[in-house]
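Novice: Below are the chains, spelled out letter by letter.
Protein chains: 2
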Amino acid sequence: MNQKQYQGYLIDLDGTLYRGIEVIPGAVHFMKRLVERNIPYLYLTNNSSRLPEQVAEHLRSFGLPATPEQVYTSAMATAQYVQKNHPGSKVLVIGEEGLRHALTEVGMTIIDRDYKKGHLQTFIEPDVVVAGIDRSFDYEKCKRASLAIQDGATYIATNVDRVLPTEEGYLPGSGTINIAISHASNTKPIVIGKPETIILQYAMEILNMKPDETLIVGDNLETDILTGVRGGVDTLMVTTGVHSRQDVETYNITPTFVVDHLDQWEI
Amino acid sequence: MNQKQYQGYLIDLDGTLYRGIEVIPGAVHFMKRLVERNIPYLYLTNNSSRLPEQVAEHLRSFGLPATPEQVYTSAMATAQYVQKNHPGSKVLVIGEEGLRHALTEVGMTIIDRDYKKGHLQTFIEPDVVVAGIDRSFDYEKCKRASLAIQDGATYIATNVDRVLPTEEGYLPGSGTINIAISHASNTKPIVIGKPETIILQYAMEILNMKPDETLIVGDNLETDILTGVRGGVDTLMVTTGVHSRQDVETYNITPTFVVDHLDQWEI
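So the sequences go chain by chain: A and B.
Take the first sequence: its letters are residues 1 to 267, numbered as in the numbering used here.
Take the second sequence: its letters are residues 1001 to 1267, numbered as in the numbering used here.
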């Protein structure tokens, strides 16, 4: 099943290539076929907590072909957005290593580097507040972010995934942290990750691909597939993750193609 | 101005009797007139952080006549609700001293008494999760509350005031904490405080008053006045706090009476 030769692939991770600690059957073969045909691809993830090196290593542990350069996270897209639209900014970061590293890489000044529980050591007013998953999020961070936004700082969210699926259950995700900051500050964030299209635009620029040459591969209608719908990019849904063929009818979000296994897809 | 002799008064605090560290002109005289005429009253507040003794002392510091028995907080109403509907419950509390004390007073078992950063020392599944303002709220608390609610615990919010007005600015309120827990758990809480009417019903029971004998006095259309509208209790709005006469038209929430100063009200 395939109607078109796509020149670039943007591939989701969790639910598409692996689930928890298990690789999904067909995933390794799918990626090897892309490599054999020299088709450029990026692993596209909303996860902002890890460095691209860490994501690539995790993928390689499943036997999937991945270099850090083939990983594009919402943290990296957020950093690129800040660099482009707010060059030279002082940034208050609610986030983990992946986000802090990405912002530092593009030359931003992170003002809460010396953040200690209950206090910002250097009390500089930020130009931008960036918030993503942060497992050390607390009242003080919510308060600092909210006051800065109320004072006029631009508010950017890496992504708004409601929860993180883990072995412990559904834990609070970036969307939970951002709904708190958004509610306290009475301000909606600029959202970078899927299903928003900023991450998609940047990913296509990296691959040097146009929308009609690109295919998004993913398991989630509300993130992966909706990104394609909004960005005018074809989508391949695989039903090995959160959503089923039945959900396609319920959600009113229509993938270009649906397969039950990536082996069913001809590259 | 007065059309009726009310037999019981339910009186808001901040914006109605004082603003920050200043008593509002007319407030002391208003309360003294209630005392002179032997009209029963309760100070009715959504603040769940303090003990009734602390609230009464704070009021007395402004020259307002207040005993702990005349204070009714959303923490006390929440405790009463839990006692009535979930007797003998094990409760996970996201909250401060006032809420913990109120729940303990009515005989509930607080299971997170030994909560240490990152760990619940006693890992008992709660029957009920109660959440209010908690300035030591963090990711771990949000996660524990959300997992317990996903596992079937009843979810109760003391109140959902979006922000706390303070000298530092508008800080995250109970509503911000609760929107995070609610989002992560995908569950709406039972709300006890204003503008919900559970706190109102309990307050009238304490005064032994019927709705048509009671008057709610407050400055906030979205909390104080809406409580009265929903509960069928007359309201006196005073424009010394957050809302003005003009707001009455904007909000589509109509107080029974509006005065600019409590001195304009005949008791």
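Source of the hints: derived by calculation from the structure; they are not laboratory data.
Keep in mind the model is a prediction, meaning the values are calculated, not measured.
We treat Cβ as the ideally placed atom computed from N, Cα and C, and that holds for glycine.
Check the hints yourself; a few may be wrong.
As the list claims (entries may be wrong) - Simulated coverage check for chain A against chain B, where a stretch passes if three residues somewhere in it have a Cβ under 8 angstroms from a Cβ of chain B:
| id | region |
| --- | --- |
| 1 | 50-62 |
| 2 | 144-158 |
As the list claims (entries may be wrong) - Sample of chain B residues at the chain A side, in silico, Cβ under 7 angstroms:
| id | residue |
| --- | --- |
| 3 | 1125 |
| 4 | 1152 |
| 5 | 1180 |
| 6 | 1187 |
| 7 | 1189 |
| 8 | 1190 |
Novice: Would you pick out the hints that fail for this structure and give their numbers low to high?
Specialist: 1, 3, 4, 6, 7, 8
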